[in-house]
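Residue numbers (this note's numbering), protein chains in the order written: chain A, 14 to 704; chain B, 145 to 215.
Treat the hints as calculated values from the structure; they're not laboratory data.
All figures in this text were calculated on a predicted structure; none of them were measured in a lab.
Beta carbons: idealized from backbone N, C-alpha and C, even for Gly.
A couple of the hints might just be wrong.
Some chain A residues close to chain B (C-beta under 7 Å, calculated; not the full set) [said to hold, decoys possible]:
#1 Gly84
#2 Val333
#3 His402
#4 Asn697
Calculated Cβ distances over 10 Å to all of chain A for the following chain B residues [said to hold, decoys possible]:
#5 Ser146
#6 Thr149
#7 Asp157
#8 Gly174
#9 Glu190
#10 Val195
#11 Ala196
#12 Pro198
#13 Asp199
#14 Glu200
#15 Gln203
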Amino acid sequence: MNGHSITQYYRTHRKAIVTATSGLLYVGGWSLGHFLGLDTASAAVLVAAAVVGGYDIARTAYHEVTNRTLGIKTLVTLAAVGAIVIGEYWEAAAVVFLFSLGSYLEGRTMRKTRTALQELLEMTPDTATVRRDAKSEARSASEQPSGEGTEPRGEFVEVPARDVEEGELVLVKPGGKIPVDGTVVDGERGEGSETQRATGDPVSAVNQAPVTGESAPVPKADGDEVYAGTINREGALEIRTTGSGSDTTLERIIRRVEAAQEAQSPTESFIDRFARYYTPAIIALAVGAFAVTGNAILSLTLLVIGCPGALVIGPPVSIVSAIGNAARSGVLMKGGEHLERAGKIDLVAFDKTGTLTKGETTVADVEGFDVADDTVLELAASAETKSEHHLADAILEAARDRSTAATDGGVAVTRSDGVSADHPSVPEPDEFDVVAGKGVVAHVDGHEVVVGNSALLADRGIDIPSHVAEYVRDREERGETAVRVVRDGVVVGVIAVRDELRAAAPGVVAALRNAGIETVMLTGDNERAAAAVAGETGFTGLRERGGEAATQAVGIDGYRAGLLPEDKQTAIEAYQADGHVVAMVGDGINDAPSLATADVGIAMGAAGTDTAIETADMALMADDLERIPYAVKLSKATRWNVLENVGLAVVTVTVLLAGVLTSYVTLATGMLVHEASVLAVILNGMRLLRH
Amino acid sequence: MSDTTQFRVLDFDCPSCASTVERALSNLEGVRHVEVHYTTGRVEVEYDDSVATPDELEQTIEIQGYTPQPA
Numbered sequence: 014m015n016g017h018s019i020t021q022y023y024r025t026h027r028k029a030i031v032t033a034t035s036g037l038l039y040v041g042g043w044s045l046g047h048f049l050g051l052d053t054a055s056a057a058v059l060v061a062a063a064v065v066g067g068y069d070i071a072r073t074a075y076h077e078v079t080n081r082t083l084g085i086k087t088l089v090t091l092a093a094v095g096a097i098v099i100g101e102y103w104e105a106a107a108v109v110f111l112f113s114l115g116s117y118l119e120g121r122t123m124r125k126t127r128t129a130l131q132e133l134l135e136m137t138p139d140t141a142t143v144r145r146d147a148k149s150e151a152r153s154a155s156e157q158p159s160g161e162g163t164e165p166r167g168e169f170v171e172v173p174a175r176d177v178e179e180g181e182l183v184l185v186k187p188g189g190k191i192p193v194d195g196t197v198v199d200g201e202r203g204e205g206s207e208t209q210r211a212t213g214d215p216v217s218a219v220n221q222a223p224v225t226g227e228s229a230p231v232p233k234a235d236g237d238e239v240y241a242g243t244i245n246r247e248g249a250l251e252i253r254t255t256g257s258g259s260d261t262t263l264e265r266i267i268r269r270v271e272a273a274q275e276a277q278s279p280t281e282s283f284i285d286r287f288a289r290y291y292t293p294a295i296i297a298l299a300v301g302a303f304a305v306t307g308n309a310i311l312s313l314t315l316l317v318i319g320c321p322g323a324l325v326i327g328p329p330v331s332i333v334s335a336i337g338n339a340a341r342s343g344v345l346m347k348g349g350e351h352l353e354r355a356g357k358i359d360l361v362a363f364d365k366t367g368t369l370t371k372g373e374t375t376v377a378d379v380e381g382f383d384v385a386d387d388t389v390l391e392l393a394a395s396a397e398t399k400s401e402h403h404l405a406d407a408i409l410e411a412a413r414d415r416s417t418a419a420t421d422g423g424v425a426v427t428r429s430d431g432v433s434a435d436h437p438s439v440p441e442p443d444e445f446d447v448v449a450g451k452g453v454v455a456h457v458d459g460h461e462v463v464v465g466n467s468a469l470l471a472d473r474g475i476d477i478p479s480h481v482a483e484y485v486r487d488r489e490e491r492g493e494t495a496v497r498v499v500r501d502g503v504v505v506g507v508i509a510v511r512d513e514l515r516a517a518a519p520g521v522v523a524a525l526r527n528a529g530i531e532t533v534m535l536t537g538d539n540e541r542a543a544a545a546v547a548g549e550t551g552f553t554g555l556r557e558r559g560g561e562a563a564t565q566a567v568g569i570d571g572y573r574a575g576l577l578p579e580d581k582q583t584a585i586e587a588y589q590a591d592g593h594v595v596a597m598v599g600d601g602i603n604d605a606p607s608l609a610t611a612d613v614g615i616a617m618g619a620a621g622t623d624t625a626i627e628t629a630d631m632a633l634m635a636d637d638l639e640r641i642p643y644a645v646k647l648s649k650a651t652r653w654n655v656l657e658n659v660g661l662a663v664v665t666v667t668v669l670l671a672g673v674l675t676s677y678v679t680l681a682t683g684m685l686v687h688e689a690s691v692l693a694v695i696l697n698g699m700r701l702l703r704h
Numbered sequence: 145m146s147d148t149t150q151f152r153v154l155d156f157d158c159p160s161c162a163s164t165v166e167r168a169l170s171n172l173e174g175v176r177h178v179e180v181h182y183t184t185g186r187v188e189v190e191y192d193d194s195v196a197t198p199d200e201l202e203q204t205i206e207i208q209g210y211t212p213q214p215a
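So that you can see chain A by itself, here it is in the shape it has in the complex:
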């Protein structure tokens, strides 16, 4: 080891070396006096221990004083100097060494909490392989990926990941980390390629755990979104960049998580307010004690042990650890406030469509009454052409499949292509009106076409013949949604639409129930379909609480059907009025009002959408229901953890104060217990990192 590396080593490990040296001198000095009776030598070595360990502390103390803040280091320095002045060398050395050791350990453990998030960022590679040539550099960023061999074949060059520009094409080898946000471009698909992959077939699978917390790799096909920091597993990926550098989903999430960690929870702000009175009170007590007893060491001891260290540090460490843990599991907690409230949840309300179900609606059956099935589908498709409802998507897709079934050879049809352009058989409506939560009314080729639920038909005074009602009941009892199609006031058919339940849903509801949390389902869907899904998922209803409001609101079946968005909100208010602390799980956009009303709003699948994160208190990065029991349990654990830390701090300070005032506790033992309590709350809080 040469001189340079020794200085380097000293610099990085200064704190540890100083603490260890001070400790050795302390033990040496104490031994000299205790075993050999060399009092003068002992005193000298103990003072040396205090000076070595105390130099850095005193230096910071000096800055505290010049910046007019009252910090613990000033108090420790005062205590040590005071002890030396009155000849208590052992006390001085002990107090300095113990404080030094304590703050060394505090710094080390806090570093772990502070770097928990940075590990996520380190997932993003520093360089990217980009296709660049004169032509591609001139390309406009908005140009659509064609994927049909018209791509300019530029050279692949390695550049810093931050310098990749929007619209540029990045290549990621199998096993490589993805350096940018972007969409997959499948160069192998289409004419002239050897593989002739069909539309929608995955090119590769990506491990998205760093962003969404999902452990299973997600298949990626042409046009799918991928995130910086995730890992490409199988095939080579070409990615059209949408964001790089600090403008990636991962970076945005981490900035949000950090802001959440820094936001004060109610407990934290209470303690801060408390400390504002507490600290001056301790100073007054110390001054008073000196005035009465004339014992300087007693008042210094009071100052040192009276510092609200553990009380101030405990709750933030618990909350920062919990938020960090959640972030690594794909759950974004918006702050300690929400976390503390989430710890009190006793009722979780679920939206049905897209939350408990996959949200991928497909047409299960089409039934024409006195007209051909295909005519029903065509009419509905025409009326729904401009609708953005998820049921409309399913109907349009089914219409497309039927009309292309005969000739389809893998034609690339994407939603943005617009249906009518590709399929002249689906005419555009002349007039078109959306009735929110009920359906659409359109004019197609001179006919009035109504597509919607029973409420819409009732509103318009349209009769439903009994054979139609029978068919509808039959489909709804299977958990399907029946869409009625009316032409010129006559019901001509019904389209049954199905949305598969997520495999995890029953387990999640059971897990919440086992954790003592009640569950309900709120849906805009009809009674029978809701009952079918609620039964399949295992919603069993609320326990009797004697509350009028909630019993009326939910009945006993654990679900409520036929709700408009504002009805969901009212339902949640009713549960709250009944004394429940309610979490609502839904998607961030349609369920925004109820998410906002609930004590804790939990948004699903939020990775790509900032709006969802805005409206919610907690956001699941993936559509992973299993994160909900986890998040609820973590919140409960955090709430306990904060209480434990506050309790421990209060008990410690009370016992120490009593001990000091009755002369049982000396400066050194006071410091030992004080530092031990600070470390105890930090370590206790950090347990939440591994919850």
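Since the structure of chain A is provided, determine the placement of chain B on it from the hints.
Using the frame of chain A, we list chain B on its own:
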């Protein structure tokens, strides 16, 4: 012109130490706004770059006995 810079201080060892650094940075000439977070170790400084320099900010943190890292 006003500029904002961030540092990461991983070795804060007490909440009052973070407040002292915050105070020291605020006292620098040209510094407009300072946020120091003990729990995350994040230091954010808004300053007038015709008066103060990032180096100066960094040195101020170092003098207090802590190690600023780029964030």
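Do the hints match the structure? See the list:
For Gly84 of chain A, the shortest C-beta to C-beta distance to chain B is roughly 4 Å, which falls under 7 Å, so the interface hint holds. A least Cβ separation of about 4 Å between Val333 of chain A and chain B falls short of the 7 Å threshold, and the interface hint therefore holds. Annotation: interface hint on His402 of chain A violated; nearest CB of chain B at approximately 43 Å, more than 7 Å. Hint on Asn697 of chain A is violated. Least Cβ distance to chain B is approximately 15 Å, over the 7 Å limit.
No Cβ of chain A comes within 10 Å of the Cβ of Ser146 of chain B; the nearest lies about 19 Å off, and the non-interface call holds. Against the 10 Å criterion, Thr149 of chain B stays outside the reach of chain A, whose nearest CB is about 14 Å from its own CB. Some Cβ of chain A comes within 10 Å of the Cβ of Asp157 of chain B; the nearest lies about 4 Å off, and the non-interface call is violated. The beta carbon of Gly174 of chain B is kept farther than 10 Å from every beta carbon of chain A, the shortest such distance being approximately 17 Å.
At roughly 16 Å, the least C-beta separation between Glu190 of chain B and chain A is larger than 10 Å, which holds for a residue marked as non-interface. Listed as outside the interface, Val195 of chain B is consistent with that label: its C-beta sits roughly 19 Å from the nearest C-beta of chain A, beyond the 10 Å cut-off. Ala196 of chain B, annotated as away from the interface, keeps every beta carbon of chain A farther than 10 Å; the closest lies near 17 Å. Under the 10 Å C-beta cut-off, the non-interface status given to Pro198 of chain B relative to chain A holds; the minimum distance is some 18 Å.
Taking the minimum C-beta to C-beta distance to chain A, about 18 Å, the non-interface status of Asp199 of chain B holds against the 10 Å cut. Under the 10 Å C-beta cut-off, the non-interface status given to Glu200 of chain B relative to chain A holds; the minimum distance is some 16 Å. The non-interface label for Gln203 of chain B is consistent with chain A: the shortest C-beta to C-beta separation is roughly 13 Å, beyond 10 Å.
Hint check: violations occur at hints 3, 4, 7; the rest are consistent with the structure.
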